[in-house]
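There are 2 protein chains.
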Amino acid sequence: MKIVDVNVTRFKKKTWLGVDKDGHMHPSKEKISQTALIEIVTDDGFVGRYFTADNYLTPSARYDENTLTNLCSGSYIPAGTGDSLRDAIRKVRPVLIGEDPFCRERIYRKLFRMQRLGGSVPILDEIIGIIDCALWDLAGRYANLPVYKLLGGHRARIPAYGSIMAGDNYQSGLATPEDYGEYAKHLKERGYQGIKLHTWMEENWSDCVISGKPAVERDIEACRAVREAVGEEMPLFIDAFHDYNRFEALKLGRELEKLRFEWIEEPMDEYNMEDYKWLARELDIPVIGPETAKGKSQTRLQWILNGACDICRAGVMDVGGITQLMKTIHMCEIFGIPVELHSPGAATLHTMAAMMIPGRYYERGLLHPFLDYDVTPPWFNTPVDYMDEDGFVHVSDRAGLGYDINWDYIKDNRCD
Amino acid sequence: MKIVDVNVTRFKKKTWLGVDKDGHMHPSKEKISQTALIEIVTDDGFVGRYFTADNYLTPSARYDENTLTNLCSGSYIPAGTGDSLRDAIRKVRPVLIGEDPFCRERIYRKLFRMQRLGGSVPILDEIIGIIDCALWDLAGRYANLPVYKLLGGHRARIPAYGSIMAGDNYQSGLATPEDYGEYAKHLKERGYQGIKLHTWMEENWSDCVISGKPAVERDIEACRAVREAVGEEMPLFIDAFHDYNRFEALKLGRELEKLRFEWIEEPMDEYNMEDYKWLARELDIPVIGPETAKGKSQTRLQWILNGACDICRAGVMDVGGITQLMKTIHMCEIFGIPVELHSPGAATLHTMAAMMIPGRYYERGLLHPFLDYDVTPPWFNTPVDYMDEDGFVHVSDRAGLGYDINWDYIKDNRCD
Numbered sequence: 004m005k006i007v008d009v010n011v012t013r014f015k016k017k018t019w020l021g022v023d024k025d026g027h028m029h030p031s032k033e034k035i036s037q038t039a040l041i042e043i044v045t046d047d048g049f050v051g052r053y054f055t056a057d058n059y060l061t062p063s064a065r066y067d068e069n070t071l072t073n074l075c076s077g078s079y080i081p082a083g084t085g086d087s088l089r090d091a092i093r094k095v096r097p098v099l100i101g102e103d104p105f106c107r108e109r110i111y112r113k114l115f116r117m118q119r120l121g122g123s124v125p126i127l128d129e130i131i132g133i134i135d136c137a138l139w140d141l142a143g144r145y146a147n148l149p150v151y152k153l154l155g156g157h158r159a160r161i162p163a164y165g166s167i168m169a170g171d172n173y174q175s176g177l178a179t180p181e182d183y184g185e186y187a188k189h190l191k192e193r194g195y196q197g198i199k200l201h202t203w204m205e206e207n208w209s210d211c212v213i214s215g216k217p218a219v220e221r222d223i224e225a226c227r228a229v230r231e232a233v234g235e236e237m238p239l240f241i242d243a244f245h246d247y248n249r250f251e252a253l254k255l256g257r258e259l260e261k262l263r264f265e266w267i268e269e270p271m272d273e274y275n276m277e278d279y280k281w282l283a284r285e286l287d288i289p290v291i292g293p294e295t296a297k298g299k300s301q302t303r304l305q306w307i308l309n310g311a312c313d314i315c316r317a318g319v320m321d322v323g324g325i326t327q328l329m330k331t332i333h334m335c336e337i338f339g340i341p342v343e344l345h346s347p348g349a350a351t352l353h354t355m356a357a358m359m360i361p362g363r364y365y366e367r368g369l370l371h372p373f374l375d376y377d378v379t380p381p382w383f384n385t386p387v388d389y390m391d392e393d394g395f396v397h398v399s400d401r402a403g404l405g406y407d408i409n410w411d412y413i414k415d416n417r418c419d
Numbered sequence: 004m005k006i007v008d009v010n011v012t013r014f015k016k017k018t019w020l021g022v023d024k025d026g027h028m029h030p031s032k033e034k035i036s037q038t039a040l041i042e043i044v045t046d047d048g049f050v051g052r053y054f055t056a057d058n059y060l061t062p063s064a065r066y067d068e069n070t071l072t073n074l075c076s077g078s079y080i081p082a083g084t085g086d087s088l089r090d091a092i093r094k095v096r097p098v099l100i101g102e103d104p105f106c107r108e109r110i111y112r113k114l115f116r117m118q119r120l121g122g123s124v125p126i127l128d129e130i131i132g133i134i135d136c137a138l139w140d141l142a143g144r145y146a147n148l149p150v151y152k153l154l155g156g157h158r159a160r161i162p163a164y165g166s167i168m169a170g171d172n173y174q175s176g177l178a179t180p181e182d183y184g185e186y187a188k189h190l191k192e193r194g195y196q197g198i199k200l201h202t203w204m205e206e207n208w209s210d211c212v213i214s215g216k217p218a219v220e221r222d223i224e225a226c227r228a229v230r231e232a233v234g235e236e237m238p239l240f241i242d243a244f245h246d247y248n249r250f251e252a253l254k255l256g257r258e259l260e261k262l263r264f265e266w267i268e269e270p271m272d273e274y275n276m277e278d279y280k281w282l283a284r285e286l287d288i289p290v291i292g293p294e295t296a297k298g299k300s301q302t303r304l305q306w307i308l309n310g311a312c313d314i315c316r317a318g319v320m321d322v323g324g325i326t327q328l329m330k331t332i333h334m335c336e337i338f339g340i341p342v343e344l345h346s347p348g349a350a351t352l353h354t355m356a357a358m359m360i361p362g363r364y365y366e367r368g369l370l371h372p373f374l375d376y377d378v379t380p381p382w383f384n385t386p387v388d389y390m391d392e393d394g395f396v397h398v399s400d401r402a403g404l405g406y407d408i409n410w411d412y413i414k415d416n417r418c419d
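Protein sequences appear in the order of chains A and B. Take the position in the first sequence, starting the count at 1, then add 3; the result is the number in our numbering. Take the position in the second sequence, starting the count at 1, then add 3; the result is the number in our numbering.
Derived from the structure by calculation, the hints contain no laboratory data. Model, not experiment: these values are computed from the prediction. Incorrect hints may appear among the rest.
Each pair may be met inside one copy or between any two copies, as identical chains are not told apart.
[What the hints assert, rightly or not] Straight-line C-alpha distance at most 35 Å; calculated DSBU-like pairs for lysine-lysine:
no., residue 1, residue 2
1, 5, 280
2, 280, 297
3, 113, 191
4, 297, 16
5, 113, 188
6, 414, 94
7, 32, 297
8, 414, 261
9, 17, 280
10, 5, 32
11, 188, 414
12, 94, 261
13, 34, 113
14, 5, 188
15, 261, 15
16, 414, 254
17, 254, 94
18, 34, 254
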């Protein structure tokens with residue numbers, strides 16, 4: 004079987020998400036954005052598909068936006084959805100055409116080589132991951148097996164934690180520690196088996212006016228409010244971004260130990276591994292990382308070897324697709340180091356279902372009091388990451404990545 | 004799909020192989036031995052198969068045995084072929100029945116847990132590998148894909164080296180350095196892209212009377228004879244077993260450096276990693292290992308972390324099947340450490356075809372001047388590891404592990 008084409012279909016969608024300068028999402032007024040479907044087509048008629056941003060950026064609004072001020076104006080266009088995606092696919096297409104779609108290792112190696120100088124391909128890092136995921140979908144469709152069973156299944160349902168958006172200044176949004184506490188109570192009722200906070204970023208640094216600089220004290224207040232709201236038993240985590248210095252991070256970590264949080268994530272810039280070696284040595288609470296540091300699996304190996312993390316962190320799009328993520332997971336398994344996956348979506352879910360060693364939780368979200376994450380996006384007939392009342396997300400047993408696509412919606416909303 | 008049965012079919016075969024006390028093979032008088040076929044059967048009628056000892060112990064004789072004396076009398080019965088195999092399968096069967104055959108990770112984990120105290124299962128280590136290989140064969144048959152494409156293919160042909168048996172005292176066999184030189188010339192003509200020597204073991208330590216204790220000087224003579232016979236360009240390797248002390252191993256290694264050998268393998272007992280740390284530090288020639296040390300992937304991680312090997316070594320049956328071998332390979336890939344696979348066979352071949360980072364060579368053999376390795380065993384219609392004139396072994400594109408079985412032969416030669 005040979006690859007004969009690689010297509011990009013972009014289609015419109017309503018969104019209630021805006022993005023700040025650093026890439027964090029917040030609720031916004033309703034507007035039109037777009038999502039892209041990548042299709043790898045073979046001479047035998049088999050097709051592998053991947054949706055950029057999978058399904059995790061598609062909550063529906065459940066608030067009256069007229070009552071709100073200061074909403075984000077920037078529309079969130081995930082990496083690989085805009086014109087850069089078409090550019091990039093045009094440039095990698097010649098590498099793919101004629102290749103055996105099952106030879107993912109050979110294809111990865113060819114694409115990886117282009118990375119040295121970028122090969123004039125924008126967002127090549129993401130493209131490698133997108134291509135790999137689409138190839139896994141194709142293999143699953145051909146084999147009539149869900150991807151997690153191609154990988155060697157371990158479990159069909161995974162406990163989910165609710166991953167709350169970064170703080171904002173929306174009234175009854177995420178403006179105060181009390182807001183976090185209230186919302187956490189709601190998430191517990193929904194069934195989530197854990198809750199993660201993203202806290203506040205710098206003041207006035209984007210269209211989203213966020214009140215108050217990031218401050219350890221304020222983070223601690225939010226964490227305390229959440230702990231008090233959900234009781235002693237609920238697993239809690241924090242992603243404190245990367246703004247703090249060592250001593251602030253240590254101070255935050257010490258308080259989180261008292262509040263019995265299960266990990267601390269990215270409190271400092273990840274480019275300086277030395278900071279994390281220091282922090283992981285000082286703290287009892289597990290330090291998890293790296294998430295945003297470049298260098299894929301090799302960077303994760305260095306963090307493990309240097310004791311810069313207690314739990315490893317990796318995501319499908321962080322390390323180059325499902326194939327490379329599984330390699331990272333296998334390495335962590337041999338080290339005996341847990342690895343918690345970054346961001347939700349079908350590819351993440353299938354990978355988690357094939358992990359023998361934790362990875363304990365599926366990160367579901369991002370969530371916000373103004374948004375309803377449990378609404379199925381209109382281009383799917385069934386959700387990618389359905390979560391039951393007990394907080395378990397179920398991996399689909401449909402072939403490939405399990406997308407149940409509403410083709411009418413896509414046809415009616417095509418951009419090109 | 005559920006597993007409903009696990010069958011063992013043992014069948015007779017002619018063999019010209021005997022085994023010494025340490026498990027090394029030598030040519031013997033013709034006798035009857037047996038091979039076993041393990042079958043995992045599902046409710047949907049799909050079957051996964053694995054042949055113990057795969058195909059690598061099945062050369063044909065091409066000598067007049069009446070002219071020979073001192074032939075090995077012990078018939079080689081590979082691990083998992085005798086009664087212990089039926090015992091073991093009987094004991095693991097309840098773990099497998101009812102399981103989804105695609106959930107290899109979950110099945111491995113269950114079997115692995117039995118290992119702690121052995122679970123009263125003989126040869127459990129091998130059984131885990133055998134079950135895993137049969138499950139991969141089943142997945143490939145179901146998906147209508149060769150296993151290496153399920154794993155993510157990288158290449159369809161692999162350079163092979165000829166792996167020569169341990170020395171003996173058969174006239175015109177492997178009794179002298181000159182014998183090795185002569186035979187190496189023959190292997191070069193056959194097309195092999197490299198040659199590996201196994202040299203002599205202790206005197207009178209088995210039914211096979213081997214003349215002369217193992218000695219560094221004699222090993223060097225054999226290596227020199229081979230280098231002179233095949234010229235400067237042929238890649239050469241040695242597996243010197245594990246009899247030497249540090250200083251003997253160093254002496255051997257230094258001479259091999261002069262003879263431009265590409266690696267030195269297991270010159271000392273592998274249970275003492277400290278010896279290997281010392282040797283790898285001292286020598287320029289790459290030290291490869293571990294092969295026989297217990298502890299699967301984790302032991303290999305320790306060898307890498309401690310600099311006890313320059314090239315990692317692992318085999319399908321050494322680390323627990325294709326699944327675990329791929330994990331080891333993935334770890335080595337992230338470390339940037341080459342990994343050369345131990346022993347031939349269909350499972351090895353499919354794994355190698357899916358490795359992105361070397362693993363450069365397929366180990367073909369074991370070979371001996373008295374034996375013809377290129378004869379297809381009678382229970383196959385086509386060989387598992389066909390090698391072309393240029394010394395490339397081709398991985399089968401048939402579904403699963405690619406066995407092309409002669410069912411008539413098996414039916415006619417069943418033991419039970």
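Okay, the hints, checked on the actual structure:
1. 5 x 280: neither (47 Å within a copy, 47 Å between copies)
2. 280 x 297: both (17 Å within a copy, 32 Å between copies)
3. 113 x 191: between (46 Å within a copy, 33 Å between copies)
4. 297 x 16: within (31 Å within a copy, 56 Å between copies)
5. 113 x 188: Neither way: residue 113 and residue 188 sit 49 Å apart in one copy and 38 Å across, limit 35 Å.
6. 414 x 94: Close inside one copy (26 Å), not across copies (56 Å); limit 35 Å.
7. 32 x 297: within (33 Å within a copy, 61 Å between copies)
8. 414 x 261: For residue 414 and residue 261, neither the intra-copy (53 Å) nor the inter-copy (69 Å) Cα distance is at most 35 Å.
9. 17 x 280: Neither: 43 Å inside a copy, 61 Å across copies.
10. 5 x 32: neither (45 Å within a copy, 50 Å between copies)
11. 188 x 414: The answer is neither: 40 Å in one copy and 67 Å across copies each exceed 35 Å.
12. 94 x 261: Close neither inside one copy (52 Å) nor across copies (48 Å); limit 35 Å.
13. 34 x 113: This pair counts as neither: shortest intra-copy Cα distance 39 Å, inter-copy 51 Å.
14. 5 x 188: Answer is neither; intra-copy 52 Å and inter-copy 41 Å both fail.
15. 261 x 15: The answer is neither: 47 Å in one copy and 68 Å across copies each exceed 35 Å.
16. 414 x 254: Classified as neither: same-chain Cα gap 53 Å, cross-chain 73 Å, threshold 35 Å.
17. 254 x 94: Neither, since 48 Å and 54 Å both go past 35 Å.
18. 34 x 254: neither (41 Å within a copy, 75 Å between copies)
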